[in-house]
Amino acid sequence: MNARGERPILEIQGLSKQFGGVKAVEDVTFQVAPGDVFGIIGPNGSGKTTLINCITGFLKPTRGSVRFNGREITGMKPHRIADLGVTRTFQIMRPYFSMPAYKNLVIPLSSPRAKRVGGWRGGGRHGDRNTVAVDILEELGFERDSRVPYKIAGTLPTGYLKRLELGRCIALRPEVLICDEVFSGLSASEIASLVPLIEKLRDQGITIIMIEHRLRELFRVANRVMALSYGEKVVEGEPLEVIDHPKVREAYLGSEEGFTC
Amino acid sequence: MAQARRKERIDRGIKVRSDSIYALSSWEEIAYLLGPRALLIGGFLLLPVVLLPSPYWSRVALSVCVVALLAVSFDFLANFVGLVSLGGAFFYGIGGYMAAVASTELGLPPVVAIPAGTVLGAAVCTLLLVPCLPLRGIYFAIITLMYPLFMTRLIEATEILGGTEGFRGITGFSSRWTEQYGLIVVTLAGVFALRRFLAEDAGLVIRAVKDNDQAVRASGINVTWTKAKAVFVAALFGCFAGAYYVHMYRNVGISSFALDLSIMPIAATVIGGSGTLVGPLIGALLLVPLSELLRDFGSLRIVVYALVLTGFVVLQSEGLMNFATRKYQQFERWVRV
Ligand SMILES: Nc1ncnc2c1ncn2[C@@H]1O[C@H](COP(=O)(O)OP(=O)(O)O)[C@@H](O)[C@H]1O
Ligand SMILES: [Mg+2]
Chain A
1 MNARGERPIL
11 EIQGLSKQFG
21 GVKAVEDVTF
31 QVAPGDVFGI
41 IGPNGSGKTT
51 LINCITGFLK
61 PTRGSVRFNG
71 REITGMKPHR
81 IADLGVTRTF
91 QIMRPYFSMP
101 AYKNLVIPLS
111 SPRAKRVGGW
121 RGGGRHGDRN
131 TVAVDILEEL
141 GFERDSRVPY
151 KIAGTLPTGY
161 LKRLELGRCI
171 ALRPEVLICD
181 EVFSGLSASE
191 IASLVPLIEK
201 LRDQGITIIM
211 IEHRLRELFR
221 VANRVMALSY
231 GEKVVEGEPL
241 EVIDHPKVRE
251 AYLGSEEGFT
261 C
Chain B
1 MAQARRKERI
11 DRGIKVRSDS
21 IYALSSWEEI
31 AYLLGPRALL
41 IGGFLLLPVV
51 LLPSPYWSRV
61 ALSVCVVALL
71 AVSFDFLANF
81 VGLVSLGGAF
91 FYGIGGYMAA
101 VASTELGLPP
111 VVAIPAGTVL
121 GAAVCTLLLV
131 PCLPLRGIYF
141 AIITLMYPLF
151 MTRLIEATEI
161 LGGTEGFRGI
171 TGFSSRWTEQ
181 YGLIVVTLAG
191 VFALRRFLAE
201 DAGLVIRAVK
211 DNDQAVRASG
221 INVTWTKAKA
231 VFVAALFGCF
241 AGAYYVHMYR
251 NVGISSFALD
261 LSIMPIAATV
271 IGGSGTLVGP
281 LIGALLLVPL
291 SELLRDFGSL
301 RIVVYALVLT
311 GFVVLQSEGL
321 MNFATRKYQQ
331 FERWVRV
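In order, the protein sequences belong to chains A and B.
In case it helps, our numbering puts the first sequence at residues 1 to 261.
In case it helps, our numbering puts the second sequence at residues 1 to 337.
Derived by calculation from the structure, the hints in this document are not laboratory data.
What you are looking at is a predicted structure, and each value in this text was computed from that prediction instead of being measured.
Some hints here could point you the wrong way.
[Unchecked claim] Each pair of labels, with its calculated beta carbon distance range:
| hint | chain 1 | residue 1 | chain 2 | residue 2 | range |
| --- | --- | --- | --- | --- | --- |
| 1 | A | 44 | B | 313 | 56 to 64 Å |
| 2 | A | 145 | B | 259 | 54 to 62 Å |
| 3 | A | 143 | B | 330 | 43 to 51 Å |
| 4 | A | 143 | B | 326 | 24 to 32 Å |
| 5 | B | 177 | A | 143 | 54 to 62 Å |
| 6 | A | 216 | B | 326 | 28 to 36 Å |
| 7 | A | 220 | B | 317 | 30 to 38 Å |
| 8 | B | 200 | A | 143 | 22 to 30 Å |
| 9 | B | 176 | A | 138 | 58 to 66 Å |
| 10 | A | 29 | B | 326 | 28 to 36 Å |
| 11 | B | 45 | A | 145 | 25 to 33 Å |
| 12 | B | 123 | A | 216 | 55 to 63 Å |
Just so you know, even glycine gets a beta-carbon here, dropped at the ideal spot from N, CA and C.
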């Protein structure tokens, strides 16, 4: 139980990850409550992506544990964790470059989880998944009647690839959605169009963890924020508490990152 | 006055629709799409009739099918799954031995022994390859190259599976027509079924593994399991070739694991066009008879063979099928404006 008396959906306890001598993540503990939009901030190289990789099974933590809905998931295979409903986007986008955009979503729609909990329209065969994929893309801001959803993913600009990353997660009907810098590399107007989408997903009951450099946009949606520096947790709390924390100002804002954008 | 006319590419408008939906409006369009396929299938089906006077060339036609099956298996693994397998001979040999055991030890007729050898052989191959699935590129290639060599030495040393003698007295086919059409029909059906399978969602997932396995993991799909299923499918093709061939020659020996059986299909794939599945069929159709004709050159055979291959790779590196597809799609017709 946390301070607000809710049972956390994710509990990270004493998590550490070392690469040889480099301590990328060091003894990080935090909890995420259901329905939270939990922000993680920190300068480049502060261990945010490594932390996500440890939570989602793409890396094995050196020490510490990860619990999802009270269940130990530390060291599970990534596809098992995704299957349980903890999904993530990749900071370096990983589309299927040779396939059309909508086919990129047919893959997660063909996964055991999507078949089990998806409840997508039609659900079953070939044609249906293609339609559902285009539905999801439309929700993500791909113009349905344009040619964009049918274009080869390798030819799409960054903004669409970021949405495709989100689409892969949404197709799995996740309980937890972890976004690794989905706003970076996007224009202000593109971000403005994505923020309502994040809010909509939150309102659907999906718990969201957002790693962001763009503090202004992050603070519009996040209700809790944690700051990392050199792999260690510096502070966690309400957005305004965090921003006022001297260490955050020094480590993060002192370098003029974030608010300058 | 003459009517205004302009040139238009025939595939315009067909391509978009034909990729997923089959709603073609005219017989002309249907002919355009199905023509090449019909030509290929018809050609293969006519082979036994055309080659009737020559038992020798009839057998060569069946060797074409065997190499084609192994080549399709290679093409599928390399270009759709991302596993470069040099182990065609492994699939072939295991399938052959399994079928031979089914025939000689259990006394099963070909109609049972061949499918049994195919499926059991593919299962065995897959089980043995599963530990290697996390390997990539050259490492997987080397392991698959080692397996047939390993099998040869193992059989020699331990005298299992008939030792160096192999198995004799395998039940043959009831007639020459059964023998010929059995292999040709299954080869064609296999290739087109595989193309169809790859267009389905399950096939798409396999191709996704090649594109980006991390994204597949993040989609909650077990990559190793997916690869294992793909290896099983590829092994079915190779094992079937082996199982069928031992029934044609009515014996099996360690030569079933010969290196040629791994190399020739790769050459056929390169010539025919990688990543097309039909290309390897065409590659085998050219390469196997060529290799037979070159027998007259005696020891120079390999030299000529190598020159032809090199020439192909240098001058036509995309492969015949890719070249032909590109040209075919550029066919134009006159339309009234
Ligand atoms: N695979 C790896 N091998 C070695 N060092 C790594 C690896 N991944 C990350 N690191 C190191 O771990 C630290 C944290 O990196 P990362 O988690 O990517 O930070 P962030 O996402 O906050 O920018 C960096 O010093 C980085 O160089
Ligand atoms: Mg990062």
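> What hint numbers does the structure not satisfy?
Replying inline: 1, 3, 6, 7, 10 and 11
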